[in-house]
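Undergrad: Protein sequences appear in the order of chains Z and P. Using the working numbering, read the first sequence as starting at 1 and increasing by one per residue. Using the working numbering, read the second sequence as starting at 1 and increasing by one per residue.
Hints may contain errors.
Where chains are identical, the list cannot tell them apart; a pair therefore holds if satisfied intra-copy or between any two copies.
What the hints assert, rightly or not - Using 30 Å as the maximum straight-line C-alpha spacing, the simulated DSS-like pairs for lysine-lysine come out as follows:
(1) Lys115 to Lys179
(2) Lys126 to Lys3
(3) Lys7 to Lys150
(4) Lys95 to Lys188
(5) Lys8 to Lys58
Hints are computed from structural coordinates only; laboratory data are not their basis.
There are 2 protein chains.
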Amino acid sequence: MFKELVKKNRSYRKFYGDYIIDSQILLDLIELARITPSAANRQPLKYILSNSEDRNAKIFETLAWAGYLKDWQGPEVGERPTAYIVVLGDTAISKDFNVDPGIVMQTILLGAVEKGLGGCIFASIKRSLLADNLDIPERYQILNVVALGKPNENIVIDDIKDGDVKYWRDENSTHHVPKRTGDELILK
Amino acid sequence: MFKELVKKNRSYRKFYGDYIIDSQILLDLIELARITPSAANRQPLKYILSNSEDRNAKIFETLAWAGYLKDWQGPEVGERPTAYIVVLGDTAISKDFNVDPGIVMQTILLGAVEKGLGGCIFASIKRSLLADNLDIPERYQILNVVALGKPNENIVIDDIKDGDVKYWRDENSTHHVPKRTGDELILK
Chain Z
1 MFKELVKKNR
11 SYRKFYGDYI
21 IDSQILLDLI
31 ELARITPSAA
41 NRQPLKYILS
51 NSEDRNAKIF
61 ETLAWAGYLK
71 DWQGPEVGER
81 PTAYIVVLGD
91 TAISKDFNVD
101 PGIVMQTILL
111 GAVEKGLGGC
121 IFASIKRSLL
131 ADNLDIPERY
141 QILNVVALGK
151 PNENIVIDDI
161 KDGDVKYWRD
171 ENSTHHVPKR
181 TGDELILK
Chain P
1 MFKELVKKNR
11 SYRKFYGDYI
21 IDSQILLDLI
31 ELARITPSAA
41 NRQPLKYILS
51 NSEDRNAKIF
61 ETLAWAGYLK
71 DWQGPEVGER
81 PTAYIVVLGD
91 TAISKDFNVD
101 PGIVMQTILL
111 GAVEKGLGGC
121 IFASIKRSLL
131 ADNLDIPERY
141 QILNVVALGK
151 PNENIVIDDI
161 KDGDVKYWRD
171 ENSTHHVPKR
181 TGDELILK
């Protein structure tokens, strides 16, 4: 059922660091992205795939992890993502990427969850470093990075309390994500 | 299988105009939206739901339909959407809505497709008219509208030819959407 997939698709930040993600899996996820709706059908998004140790390391060092967890600098060696999809905007096609990146990345993540994987979307990226590390031509704007792996983390959704949206980890390392209730989301 | 859902989720613009979409269906779709990832978990999106003839008409008149189909002004009476979700950004929470709208709308549409429905995302909206028609307080920025209904249209995906992204309708009213091939999407 689709709702189960949506529920299981949490923002995972700890993975089984030795779990290899086959290139074909990444190609399958791009195939899902390819057939999503696109503003005016322009399809201006392009992708860089990574599942090698070397390239993964070049991406990992450019990402800012979990802003609300002040005493956690990101996953240790052994629990890092084992694949990435870098989402680029091709400025030769459009300067405005609209809602396409969100559409595509949610679709990629849901597809990953169906395959027993999971991931996390990054917007906080050292973009010049990433462009250097991967030799990304200037024509491409770095929009986001999707980190992927076999999740090794327990995440639960809680109802929000006192409007505090900050996620947190309890003493058992369960990651808690406070979500607004439906009532708060709908204007009458 | 998730890929079937993604494939079936086309941008539908013609519907069975007498097909009633229950309020509970819209609430179920918002529940899906509620549990999606959100940038820094801020969850700044709010929603207006519509499935009444009166409110639907107030939304319909604000939407620009199918830019590439120059001789088609949008669905006739009898084939219009029977529900809408207006997606708002609550500026009291954030001024920047990031990739949240795309994430949420794709999730809503995939959920709709699973229920035998379908829809279309609008970004080209007469926003002041819509704000007037629905008495939307200034605090809320109108981001997008998702039109929903029981699709009454055949849509196929074609491989792109000569880089022409314009969708078109053939003599049998089948709607063709040219998509870039996977090879074009992936940077080596």
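Undergrad: List, from low to high, the hint numbers that the structure doesn't satisfy.
TA: Number 2 only.
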